[in-house]
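With chain F's structure known, arrange chains V and U on it following the hints.
Chains as they are written, first to last, in the working numbering: chain F, 1 to 296; chain V, 1 to 329; chain U, 1 to 319.
Accuracy of the hints is not assured; some may be wrong.
The calculated DSSO-like cross-link candidates involving lysine-lysine, where the alpha carbons are at most 30 Å apart (straight line), are [unchecked claim]: (1) U:K32 x V:K270; (2) U:K85 x U:K62; (3) U:K297 x V:K148; (4) V:K148 x U:K254; (5) V:K67 x F:K127; (6) U:K262 x V:K245; (7) U:K254 x V:K270; (8) V:K85 x F:K183; (9) V:K85 x V:K29; (10) V:K272 x U:K196; (11) U:K262 x V:K316; (12) U:K32 x U:K85; (13) U:K106 x V:K18; (14) V:K180 x F:K183.
Just so you know, these hints were derived from the structure itself, not from any lab.
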Amino acid sequence: MSMKKEKPQGRILVQLFPSLANLASRGLAGWAILIGAAIVAVMAVMTVVAPWISPYNPIAINVGPILSPPSAEFPLGTNHLGQDMLSRVYSGGAIMFQVAVLSVIVCLVVGVPIGLFASYLGGYTDKVASLVMDSIYAFPGLVLAIAIAAMLGPGVVNMALSIAVVYVPSYFRIIRSQVLTIKELPYVEAASMMGAKSRTTLFRYILPNVIPSIVAVATINFADAVLTSAGLTFVGLGLPVSTPDWGWDLTYGRRLLPSGAWWVIAFPGLMVVLLALGFTMMGEGLSELFNPRLQK
Amino acid sequence: MDNLLTATNLRKYFPVEKGFLDRLLTSQKSFVHAVDDVSFSVNRGDILGLVGESGSGKSTTGRLCLKLIEPTSGSIMFEGVDLAKLHGEELRRFRKNMQLIFQDAMASLSPRIKVGDAIKHALSFQGVGTASEQTERTRAILERVGLKPWSNFYDRYPHQLSGGQRQRVVIARALVLDPKFVVADEPIAMVDVSVRAQILELMLELKKEFDLTYLFITHDLAMANYVCHSIAIMYLGKIVETGSKEDVFSRPLHPYTLALLSSIPVPDPKAKLERIIPKGEIPSPINPPTGCRFHPRCPYAESICSEREPQLEEIKPHHYAACFFPRHS
Amino acid sequence: MALLDIESLVVEYHTLRASMKAVDRVSLAMEKGHTLGLVGESGCGKSTLGLSTVRLVPPPGKIASGHIVLGETDIINCSDEEIRKVRGKRVGYIFQDPMTSLNPVKRIGAHFVEMIHTHEPEVSDQDALKRGKDVLERLGILPERIDDFPHQFSGGMRQRVMIGLALALGPDLLIADEPTTSLDVIVEAQIIELLKELKESLKLTLILITHNIGIVAETADRVAVMYAGRLAELGQTDDLFEKPMHPYTQALLKSVPNITKKGQVLSWIPGAPPDLAEPPPGCLYHPRCPHAFDRCKKEEPLLIKHNGSQVACHLYDKR
Numbered sequence: 001m002s003m004k005k006e007k008p009q010g011r012i013l014v015q016l017f018p019s020l021a022n023l024a025s026r027g028l029a030g031w032a033i034l035i036g037a038a039i040v041a042v043m044a045v046m047t048v049v050a051p052w053i054s055p056y057n058p059i060a061i062n063v064g065p066i067l068s069p070p071s072a073e074f075p076l077g078t079n080h081l082g083q084d085m086l087s088r089v090y091s092g093g094a095i096m097f098q099v100a101v102l103s104v105i106v107c108l109v110v111g112v113p114i115g116l117f118a119s120y121l122g123g124y125t126d127k128v129a130s131l132v133m134d135s136i137y138a139f140p141g142l143v144l145a146i147a148i149a150a151m152l153g154p155g156v157v158n159m160a161l162s163i164a165v166v167y168v169p170s171y172f173r174i175i176r177s178q179v180l181t182i183k184e185l186p187y188v189e190a191a192s193m194m195g196a197k198s199r200t201t202l203f204r205y206i207l208p209n210v211i212p213s214i215v216a217v218a219t220i221n222f223a224d225a226v227l228t229s230a231g232l233t234f235v236g237l238g239l240p241v242s243t244p245d246w247g248w249d250l251t252y253g254r255r256l257l258p259s260g261a262w263w264v265i266a267f268p269g270l271m272v273v274l275l276a277l278g279f280t281m282m283g284e285g286l287s288e289l290f291n292p293r294l295q296k
Numbered sequence: 001m002d003n004l005l006t007a008t009n010l011r012k013y014f015p016v017e018k019g020f021l022d023r024l025l026t027s028q029k030s031f032v033h034a035v036d037d038v039s040f041s042v043n044r045g046d047i048l049g050l051v052g053e054s055g056s057g058k059s060t061t062g063r064l065c066l067k068l069i070e071p072t073s074g075s076i077m078f079e080g081v082d083l084a085k086l087h088g089e090e091l092r093r094f095r096k097n098m099q100l101i102f103q104d105a106m107a108s109l110s111p112r113i114k115v116g117d118a119i120k121h122a123l124s125f126q127g128v129g130t131a132s133e134q135t136e137r138t139r140a141i142l143e144r145v146g147l148k149p150w151s152n153f154y155d156r157y158p159h160q161l162s163g164g165q166r167q168r169v170v171i172a173r174a175l176v177l178d179p180k181f182v183v184a185d186e187p188i189a190m191v192d193v194s195v196r197a198q199i200l201e202l203m204l205e206l207k208k209e210f211d212l213t214y215l216f217i218t219h220d221l222a223m224a225n226y227v228c229h230s231i232a233i234m235y236l237g238k239i240v241e242t243g244s245k246e247d248v249f250s251r252p253l254h255p256y257t258l259a260l261l262s263s264i265p266v267p268d269p270k271a272k273l274e275r276i277i278p279k280g281e282i283p284s285p286i287n288p289p290t291g292c293r294f295h296p297r298c299p300y301a302e303s304i305c306s307e308r309e310p311q312l313e314e315i316k317p318h319h320y321a322a323c324f325f326p327r328h329s
Numbered sequence: 001m002a003l004l005d006i007e008s009l010v011v012e013y014h015t016l017r018a019s020m021k022a023v024d025r026v027s028l029a030m031e032k033g034h035t036l037g038l039v040g041e042s043g044c045g046k047s048t049l050g051l052s053t054v055r056l057v058p059p060p061g062k063i064a065s066g067h068i069v070l071g072e073t074d075i076i077n078c079s080d081e082e083i084r085k086v087r088g089k090r091v092g093y094i095f096q097d098p099m100t101s102l103n104p105v106k107r108i109g110a111h112f113v114e115m116i117h118t119h120e121p122e123v124s125d126q127d128a129l130k131r132g133k134d135v136l137e138r139l140g141i142l143p144e145r146i147d148d149f150p151h152q153f154s155g156g157m158r159q160r161v162m163i164g165l166a167l168a169l170g171p172d173l174l175i176a177d178e179p180t181t182s183l184d185v186i187v188e189a190q191i192i193e194l195l196k197e198l199k200e201s202l203k204l205t206l207i208l209i210t211h212n213i214g215i216v217a218e219t220a221d222r223v224a225v226m227y228a229g230r231l232a233e234l235g236q237t238d239d240l241f242e243k244p245m246h247p248y249t250q251a252l253l254k255s256v257p258n259i260t261k262k263g264q265v266l267s268w269i270p271g272a273p274p275d276l277a278e279p280p281p282g283c284l285y286h287p288r289c290p291h292a293f294d295r296c297k298k299e300e301p302l303l304i305k306h307n308g309s310q311v312a313c314h315l316y317d318k319r
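Chain F on its own, in the form it takes in the complex (with noise of 0.2 Å):
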């Protein structure tokens, strides 16, 4: 089989998903994929295997004396409340996590077919689906996330709620645009030829090639996810003072910093940080590899 060098005005469009091998091959996206995998790969599993790592209990308070810095015993120090820093890092991103999948789950679930149909179906149910989107989308996340958060309460379940619903038309832009660009190729065309019927069009033959910039917006979904969970913490929506978490040591890290006890905030923040990164990277990586302009 010989392989034709493309005209630069040929459509190159999606190709598959690589396989893990194939991925460093594609140079620096494939590298940003792998990396950025490995390091939420390796935070996962940190935080799963937390409870047989950790050296103490991560709420326990008083196993050290109060706010000690970094040491042989304690690592990571300790904070006001005498709870070793180490053990509530290794545990501190189990609410994330929860948070970040859940809101992807729901916007995944919402959003995916609300973008679908209203750009297929065009008229009056896309103009009514874009109104309620871009009135969304023209508050500023974080904000809206907030206000929702404080209607909801605290909790996991309606943290991932706050964050989806801002999230939402993110998906539905995307996919709106990816559609009504498909919509118009010939292969779609070649399908009416055949005969298929609107359904089969839809989800065999334009589904599939809008599906990877569905998982790009996705990855940047958990990304923002994480920090948002972080910030709504931060601000008191969170959750109850006894989970270990991340955004809450955020929160005292802060007040307690003019004391000069900067390892309460700075060893979360770094997860944090580390977290949000590691999906960006994929993301990024991801958006990278399937945008068609950038294939050679």
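Frame of chain F, contents of chains V and U only:
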């Protein structure tokens, strides 16, 4: 003469999208007169070449014949059935009688569907046979279009094939339903020069084997000359000349046909060419010239040409032209 | 003295998969006032060759070895500043798609002014515009249209504008890369007539890069045929069309329809061009060549002189 497809007074006008200010300040809607009162028929077993440059309306006409778009007015009769009366499920089932071979093979195949499955879809959408029968037929047609052995190609994705191979897949997909009528829209324009004749030969062989009738849309007169039996020349939404290939290309009547023929590059440095190249370019189909659309560029135009529109008339037996002063060359 | 002398040029593309030679040891010389038709199918390296003459090969392509000498300038090794002086002033380049080569938010006049100022900064705006208008008139465009934007021109007119920009500074050499591919038949003929006329009146030296053998037949003095990055045949136009030597040239000519020939039977070339990442040994064309013999599979044919032309084929190498 068995008419397979007859188009009568076909018109297709596309509304022009206006900017916000234009919509406020001007009330008149403007339209692109893509196809403007076109009538022709295709005989069973014929290869009709619909020849024209950009803006001629040839692609739109092809799609009207397949009912991929609705005409603004006019009718298409296919084997006595008025296409305008077909809707929904009935239309869907009717589609197996007529198929389209696309110009851009890469763009007409979904990048996420294996080419074998892409072909099989045609059969499954129409509910032809059982799943295994469909697979069998797909394998057979892959080999019939020269993609042998089928196992080398069935599970490939479009980007893994060469341009010529992709075009064969598109042809296979068009023919797997055993249609009667196939519209080929510039089928070889995006294929390498040295391979074009092979694809054309394949299409001609398949025509005999499947008993097909072709509507061949192209701007490439030399290819049209090679492959077609009859020719219809289109200019700015109208048919300006039609007849057999010999008549139209050897004894052209319409000045536009003459211009086209004298503009074709000839791969022979010794050929003595009489070039009658008209000035200017194709005018906008939104505001076509009055009277004969070609008159602003026609070297033989007289005053009547800008006042009245010439109709297609039989100037010589079975050779029609829309011109007040046809050339008798 | 040759205006342009290309010797053993090698241009490589380095990808993670493999290194490919887009242009493999091509040698060409252009005399002043002559027109060369550079033909070949997609992927043969003709565009890359054209871009090399002004050092515009896009990465990951890179000129690997060889010489390109324009007059007295060493194109490959000269400084960035010198090559900028060459582009536009000594070599005019016409690209395939006039739509994307013109800046849609700039008037045509601005394009001319920018072009002229790059090389002759002392020229006033007024004078630059005047020169632009003169050029447009020469090309059959109303001079007033110098104030129009690109989208106000039709395809053929835009291409004329491109030709005008390429000629604005009076270059010694004009390179046209597929100048008519995106145009309609009649407009294509107009542009070809225009190029022929300019060739005569301005005594242009022109390299016409195209896959369309027909336009080469009527415009070029000599024809160079490229296949998979190598030069297959190079000769006078009349000779090449009448007695093509290389089997690829022969097959190519037989696959192009000639509307003046009655009862022509078109043929084609089986197979496909080689994958440059894994080229076959010996002659790159041998897998598709009906005359291939043992030597072709092992030894790469070099360009040799034969009957006044040059051909890279063992059939003519009686050693």
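Hint check results:
no., hint, result
1, U:K32 x V:K270, "holds, 24 Å"
2, U:K85 x U:K62, "holds, 21 Å"
3, U:K297 x V:K148, "holds, 25 Å"
4, V:K148 x U:K254, "holds, 26 Å"
5, V:K67 x F:K127, "holds, 27 Å"
6, U:K262 x V:K245, "holds, 12 Å"
7, U:K254 x V:K270, "holds, 16 Å"
8, V:K85 x F:K183, "holds, 25 Å"
9, V:K85 x V:K29, "holds, 28 Å"
10, V:K272 x U:K196, "holds, 16 Å"
11, U:K262 x V:K316, "holds, 22 Å"
12, U:K32 x U:K85, "holds, 20 Å"
13, U:K106 x V:K18, "holds, 23 Å"
14, V:K180 x F:K183, "holds, 27 Å"
Going down the numbered hints, you'll see the structure goes against none, and every one checks out.
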